[in-house]
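**Q** Each protein sequence line maps, in turn, to chains A and B.
All the letters of the first sequence, read from the start, carry residue numbers 1 to 327 under the working numbering.
All the letters of the second sequence, read from the start, carry residue numbers 1 to 327 under the working numbering.
If you are wondering where the hints come from, they were derived from the structure by calculation, not from laboratory data.
Hints are supplied without guarantee of correctness; some may be wrong.
Copies of the same chain are indistinguishable here, so a pair counts whether it falls within one copy or spans any two.
[Unchecked claim] 27 Å max Cα-Cα, derived DSS-like pairs, lysine-lysine:
hint, residue 1, residue 2
1, K303, K222
2, K237, K213
3, K113, K237
4, K237, K222
5, K154, K319
6, K319, K303
7, K101, K303
8, K237, K101
9, K154, K113
10, K222, K320
Residue strings, one per chain:
Number of protein chains: 2
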Amino acid sequence: MTPRTLAGALLAALTASAAASLEAADPLPSWNAGPARRSIVAFVENVTREGSPAYVPPAERIAVFDNDGTLWSEQPVYFQAFFVFDRVRALAPQHPEWKEKEPFASVLNGDVKTALAGGEHALAEMVMATHAGTTTEEFERIVTNWIGTARHPKTGRLYTEMVYQPMLELLAYLRANGFKTFIVSGGGIEFMRPWAERVYGIPPEQVIGSSIKTRFEIRDGKPVLVRLPEIDFVDDKAGKPVGIQMRIGRRPLAAFGNSDGDLQMLQWTAAGSGSRFCLYVHHTDADREWAYDRQSSIGRLDKGLDEAQARGWTVVDMKKDWNRIHP
Amino acid sequence: MTPRTLAGALLAALTASAAASLEAADPLPSWNAGPARRSIVAFVENVTREGSPAYVPPAERIAVFDNDGTLWSEQPVYFQAFFVFDRVRALAPQHPEWKEKEPFASVLNGDVKTALAGGEHALAEMVMATHAGTTTEEFERIVTNWIGTARHPKTGRLYTEMVYQPMLELLAYLRANGFKTFIVSGGGIEFMRPWAERVYGIPPEQVIGSSIKTRFEIRDGKPVLVRLPEIDFVDDKAGKPVGIQMRIGRRPLAAFGNSDGDLQMLQWTAAGSGSRFCLYVHHTDADREWAYDRQSSIGRLDKGLDEAQARGWTVVDMKKDWNRIHP
Numbered sequence: 001m002t003p004r005t006l007a008g009a010l011l012a013a014l015t016a017s018a019a020a021s022l023e024a025a026d027p028l029p030s031w032n033a034g035p036a037r038r039s040i041v042a043f044v045e046n047v048t049r050e051g052s053p054a055y056v057p058p059a060e061r062i063a064v065f066d067n068d069g070t071l072w073s074e075q076p077v078y079f080q081a082f083f084v085f086d087r088v089r090a091l092a093p094q095h096p097e098w099k100e101k102e103p104f105a106s107v108l109n110g111d112v113k114t115a116l117a118g119g120e121h122a123l124a125e126m127v128m129a130t131h132a133g134t135t136t137e138e139f140e141r142i143v144t145n146w147i148g149t150a151r152h153p154k155t156g157r158l159y160t161e162m163v164y165q166p167m168l169e170l171l172a173y174l175r176a177n178g179f180k181t182f183i184v185s186g187g188g189i190e191f192m193r194p195w196a197e198r199v200y201g202i203p204p205e206q207v208i209g210s211s212i213k214t215r216f217e218i219r220d221g222k223p224v225l226v227r228l229p230e231i232d233f234v235d236d237k238a239g240k241p242v243g244i245q246m247r248i249g250r251r252p253l254a255a256f257g258n259s260d261g262d263l264q265m266l267q268w269t270a271a272g273s274g275s276r277f278c279l280y281v282h283h284t285d286a287d288r289e290w291a292y293d294r295q296s297s298i299g300r301l302d303k304g305l306d307e308a309q310a311r312g313w314t315v316v317d318m319k320k321d322w323n324r325i326h327p
Numbered sequence: 001m002t003p004r005t006l007a008g009a010l011l012a013a014l015t016a017s018a019a020a021s022l023e024a025a026d027p028l029p030s031w032n033a034g035p036a037r038r039s040i041v042a043f044v045e046n047v048t049r050e051g052s053p054a055y056v057p058p059a060e061r062i063a064v065f066d067n068d069g070t071l072w073s074e075q076p077v078y079f080q081a082f083f084v085f086d087r088v089r090a091l092a093p094q095h096p097e098w099k100e101k102e103p104f105a106s107v108l109n110g111d112v113k114t115a116l117a118g119g120e121h122a123l124a125e126m127v128m129a130t131h132a133g134t135t136t137e138e139f140e141r142i143v144t145n146w147i148g149t150a151r152h153p154k155t156g157r158l159y160t161e162m163v164y165q166p167m168l169e170l171l172a173y174l175r176a177n178g179f180k181t182f183i184v185s186g187g188g189i190e191f192m193r194p195w196a197e198r199v200y201g202i203p204p205e206q207v208i209g210s211s212i213k214t215r216f217e218i219r220d221g222k223p224v225l226v227r228l229p230e231i232d233f234v235d236d237k238a239g240k241p242v243g244i245q246m247r248i249g250r251r252p253l254a255a256f257g258n259s260d261g262d263l264q265m266l267q268w269t270a271a272g273s274g275s276r277f278c279l280y281v282h283h284t285d286a287d288r289e290w291a292y293d294r295q296s297s298i299g300r301l302d303k304g305l306d307e308a309q310a311r312g313w314t315v316v317d318m319k320k321d322w323n324r325i326h327p
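Construct the entire structure; sequences and hints are all you get.
**A** See the structure below:
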């Protein structure tokens with residue numbers, strides 16, 4: 001081997017090894033090359049590079065994520081609704097009156113379509129009847145048991161297996177870059193907390209959601225928090241910026257959603273000074289997941305899609321941008 | 001020098017240097033040796049030593065601190081009341097009716113005693129009148145300006161100079177041991193956040209307090225959160241465990257307070273499984289600060305003192321346990 005050949009071989013080996021290590025280190029392997037992925041990486045590099053005019057100190061790197069339809073699937077109904085139906089069935093023996101009373105009667109007859117025909121009011125009534133009356137600790141056990149065993153009617157998978165692999169990678173990528181990741185969901189806060197840390201790496205204190213009131217009581221000398229059938233906070237639409245301010249107290253640097261219910265959160269984020277990042281997940285993949293947007297009753301994306309296009313927010317085309325959907 | 005002398009000299013030098021470095025590294029220099037300090041250190045070492053039966057993983061090391069009377073002084077009235085009085089004076093030109101209307105009239109006449117004679121109702125009325133009506137961003141600016149310039153009527157110091165040096169050391173010591181430190185105060189959340197990070201090292205998302213409602217609006221195309229004259233949450237007494245569950249979602253490992261308003265927070269903490277730590281700051285130093293407990297209208301410590309004694313919680317005797325009060 002001549003010195004020149006040796007140098008060439010070394011260079012080739014080094015280049016191959018560098019490429020391999022770069023590839024191994026790709027933090028977003030489920031994201032195809034394309035404008036969505038490029039916009040994420042460009043934003044993160046821009047705000048984390050010291051000396052960059054857009055540099056943001058770690059304490060201010062707040063990223064907020066909707067949950068249903070953004071971090072996991074939400075069809076044919078929000079997964080929490082399946083939990084509610086299962087709770088109605090489990091509690092039915094203690095409520096003989098439910099056999100005659102809608103929407104409970106329809107759930108017990110296996111006709112959830114009719115049960116949900118009453119819209120948000122019917123669902124809220126069932127949430128109250130099934131989510132209240134226990135202590136916070138009992139409720140946590142009920143959710144933990146359910147989420148570990150219940151399966152999605154179409155896919156047969158555990159619900160926690162229907163999270164989006166590309167979003168898990170995105171959460172980890174942001175945290176590796178000093179971001180603090182929060183869930184800001186219309187779903188029930190105590191329905192998400194028991195598994196959000198294990199599945200998303202998001203601790204309970206970084207979960208924001210809708211809530212019912214609780215009351216502190218001493219029972220048999222032991223303090224408990226009792227869940228009451230009374231709405232405390234609805235963390236949806238214009239409630240999302242309110243929840244963010246109340247709970248985080250700092251405007252997010254980046255916001256991720258998938259529906260019109262997330263629009264105000266994205267608007268609030270985008271209106272901050274300096275570099276901000278807003279992203280909508282657009283459900284375009286009927287083969288691997290579901291395809292829906294402007295006409296869907298669950299996760300409708302209509303005004304949000306218009307605003308994203310008008311303002312140049314990132315829109316993820318699930319079919320084109322993600323090479324994997326669920327883990 | 002004989003070898004033995006050399007060895008002795010080396011040993012002496014090493015011992016001196018080790019002692020000096022131990023002293024330099026004392027994380028709690030303002031805490032005198034005594035049972036309070038010993039109980040803190042023993043607890044922290046116990047729950048952080050891997051292999052200890054009481055070991056707690058970092059994610060669960062939640063420490064909650066009351067603010068008024070626990071992290072900073074609270075006499076002769078809660079410092080937020082001085083802010084309220086100053087806001088009443090600043091806003092008086094826009095409210096000519098206040099000249100005739102209590103409790104505002106007394107504040108404007110410099111007679112805050114009479115103004116406060118109306119009790120919590122009078123104070124709440126002034127809080128509503130002075131804390132609402134702005135956007136969250138405007139209110140933050142107002143607080144930031146005030147806290148940077150207003151001075152305590154007795155000491156002439158900035159209010160942020162009346163924090164407790166031993167508690168600053170305790171906060172830092174806990175964080176150095178993997179604890180996440182939270183404020184859980186009856187005071188206004190948006191009154192504390194603008195300076196809590198700079199003064200206590202506690203970021204806004206780890207401040208829990210009383211709050212008024214806010215509303216999301218688009219003003220001239222710009223989203224704002226408007227502060228409304230309506231109570232959202234009172235983070236005091238039985239409200240403290242409720243606030244902790246709502247906002248942290250995990251039972252604290254350690255809780256620090258100074259009054260009966262903190263009792264439920266300490267009870268809730270103490271009732272958790274495994275090793276837990278509860279501490280009351282007892283105001284016993286009339287020379288360097290104030291001395292008050294069972295009879296005080298501000299920061300009354302009566303039932304809490306009995307319960308602390310009965311249950312073996314740590315009670316800090318400010319006069320004996322702290323060699324410095326304010327920085």
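**Q** Up to 27 Å between alpha-carbons, please classify K237 paired with K222: within, between, both or neither.
**A** Between. Shortest inter-copy distance 16 Å satisfies the 27 Å Cα cut-off; intra-copy 38 Å does not.
**Q** Can you tell me if K237 and K213 fall within 27 Å by alpha carbon in one copy, between copies, both or neither?
**A** Classified as both: same-chain Cα gap 20 Å, cross-chain 16 Å, threshold 27 Å.
**Q** Treating 27 Å as the Cα threshold, decide for K303 and K222: within, between, both or neither.
**A** So K303 and K222 pass the 27 Å test across copies only (17 Å; inside, 50 Å).
**Q** Give the relationship of K154 and K113 under a CA distance limit of 27 Å: within one copy only, between copies only, both, or neither.
**A** within (15 Å within a copy, 68 Å between copies)
**Q** With identical chains, the pair K101 and K303 could be close in the same copy or across copies; at 27 Å between alpha carbons, which is it: within, between, both, or neither?
**A** Intra 37 Å, inter 48 Å, cutoff 27 Å: neither.
**Q** Since the copies are identical, ignore which copy is meant and state whether K319 and K303 lie within 27 Å (CA to CA) inside a copy, between copies, both or neither.
**A** Within one copy only: 21 Å inside, 63 Å across.
**Q** If the cutoff is 27 Å on CA atoms, where do K154 and K319 land: within, between, both or neither? Let me know, please.
**A** So K154 and K319 pass the 27 Å test inside one copy only (20 Å; across, 67 Å).
**Q** When no copy is named, should K113 and K237 be tagged within, between, both, or neither for a Cα gap of at most 27 Å?
**A** Answer is within: at 25 Å inside a copy they meet the 27 Å cutoff, but 44 Å across does not.
**Q** Have a look at K237 and K101 and pick one of within, between, both or neither, based on CA distance no larger than 27 Å.
**A** Answer is neither: 31 Å inside a copy and 39 Å across each miss the 27 Å cutoff.
**Q** With identical chains, the pair K222 and K320 could be close in the same copy or across copies; at 27 Å between alpha carbons, which is it: within, between, both, or neither?
**A** neither (55 Å within a copy, 33 Å between copies)
Going down the numbered hints, you'll see the structure goes against 7, 8, 10, while the others check out.
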